[in-house]
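Protein sequence lines correspond, in order, to chains X and L. Adding 3 to a residue's 1-based position in the first sequence gives its number in this note's numbering. Adding 637 to a residue's 1-based position in the second sequence gives its number in this note's numbering.
Hints are all accurate, no fakes.
Derived coverage of chain X by chain L (criterion: at least 3 residues anywhere in the stretch with Cβ under 8 Å from a Cβ of chain L; other residues may be distant): (1) 47-54; (2) 93-99; (3) 103-111.
Stretch by stretch, here's where chain X covers chain L in the computed footprint (C-beta under 8 Å, at least three residues): (4) 673-681; (5) 734-741.
To be clear, the hints were calculated from the coordinates, so they are not data collected in a lab. As the structure is a computational prediction, the values presented were derived from the model and not from experiment. Idealized CB from N, CA, C, for every residue including glycine.
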Amino acid sequence: SAVISQKPSRDICQRGTSLTIQCQVDSQVTMMFWYRQQPGQSLTLIATANQGSEATYESGFVIDKFPISRPNLTFSTLTVSNMSPEDSSIYLCSVNRGTDTQYFGPGTRLTVL
Amino acid sequence: TQLLEQSPQFLSIQEGENLTVYCNSSSVFSSLQWYRQEPGEGPVLLVTVVTGGEVKKLKRLTFQFGDARKDSSLHITAAQTGDTGLYLCAGASGTYKYIFGTGTRLKVLA
Numbered sequence: 004s005a006v007i008s009q010k011p012s013r014d015i016c017q018r019g020t021s022l023t024i025q026c027q028v029d030s031q032v033t034m035m036f037w038y039r040q041q042p043g044q045s046l047t048l049i050a051t052a053n054q055g056s057e058a059t060y061e062s063g064f065v066i067d068k069f070p071i072s073r074p075n076l077t078f079s080t081l082t083v084s085n086m087s088p089e090d091s092s093i094y095l096c097s098v099n100r101g102t103d104t105q106y107f108g109p110g111t112r113l114t115v116l
Numbered sequence: 638t639q640l641l642e643q644s645p646q647f648l649s650i651q652e653g654e655n656l657t658v659y660c661n662s663s664s665v666f667s668s669l670q671w672y673r674q675e676p677g678e679g680p681v682l683l684v685t686v687v688t689g690g691e692v693k694k695l696k697r698l699t700f701q702f703g704d705a706r707k708d709s710s711l712h713i714t715a716a717q718t719g720d721t722g723l724y725l726c727a728g729a730s731g732t733y734k735y736i737f738g739t740g741t742r743l744k745v746l747a
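One chain only, chain L, in its complex shape (with noise of 0.2 Å):
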């Protein structure tokens, strides 16, 4: 059973920090993607990193794919009170499968 490991599971922190959510599983994946869900609402995809060691930029968020591609992580740079949800990765699993994280609920304080 291919498994996703979202760390931490929880995070608050001022705005103007930064931090780093991991997403870690034993199974390869083919493609990887982050997305970030706020109350009542679907998961919004922010990115898809296809390549072992691929790192994208998107404003303050900095994706990066795990060379082995099992791994992923992103960072946020200043954090800001609009960067508050649920924050979710996802692996493809076979052509149009994805097995999603276990998640990491952030909240930005003012």
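Chain X with its partners taken away, still in its complex shape (with noise of 0.2 Å):
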């Protein structure tokens, strides 16, 4: 198994204002994800990263909107910037242990105002 921590656990913030999330795992892995839950709504992929290499992101997600840092193994974070209501989601860090095995992390609560 994995054990994966998030900070902060939720927040509240402004209109164009950037949170940083961080994304802990006890052990190391290569490759952590960023998902994106909407209120009421399923996971969607936002990146993938990798230690020492740039995140590669899917469709309808960039760079400068949501960077990511990978400085080791065991630790990522996610910036949203410039947030705006419609950013307002649970945003939760993923591992993958084997191929068929996925852990994540308890999510982070982001309410904009």
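Assembling the complex is the task here: the two chains are given apart, and the hints tell you how they should meet.
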């Protein structure tokens, strides 16, 4: 298994500001994933973060809006930049164990006013 | 674009009843996972199915992967209030990426 923690667990932010979300894993992993879960909806992959290289973003997500850092094999950050109310969501990080097992952090619940 | 449609979207049943949740796609997946998510938490993996036609049982939960690996079902026998949550299927797209289904929100009433 994998133990994943996220900070903050929740935040309320003003429009136009930025928030950085941290994800810490209890063991080294090659890839870390960032997802968004909008209210009442399913999960959408934002990007994949590999250590030592730039993150790979999915269609509809760009680096200027969601910059990601991956300084080592156990840690990653996702920044939500220039926030608007439409960015209100739960942001989740995850890691893989083997080919078919994925573990998620508890999520960061973001509300933008 | 690969899509996974789940049905029903919402389900409210009495404790002790049986239910089935469906996950359908026009795409073939190499494997498919089922998760349960409770409020304030991340999704928790319940099962992974890999082989077409595969059936896996986890206590009162029975998971089936379609023969063509395009669809799956989750059947819960004698539902309990602890089964309440958001159920998500996810299909493996490539070696490490997953496409998540639209979700089924289950509420089991005492």
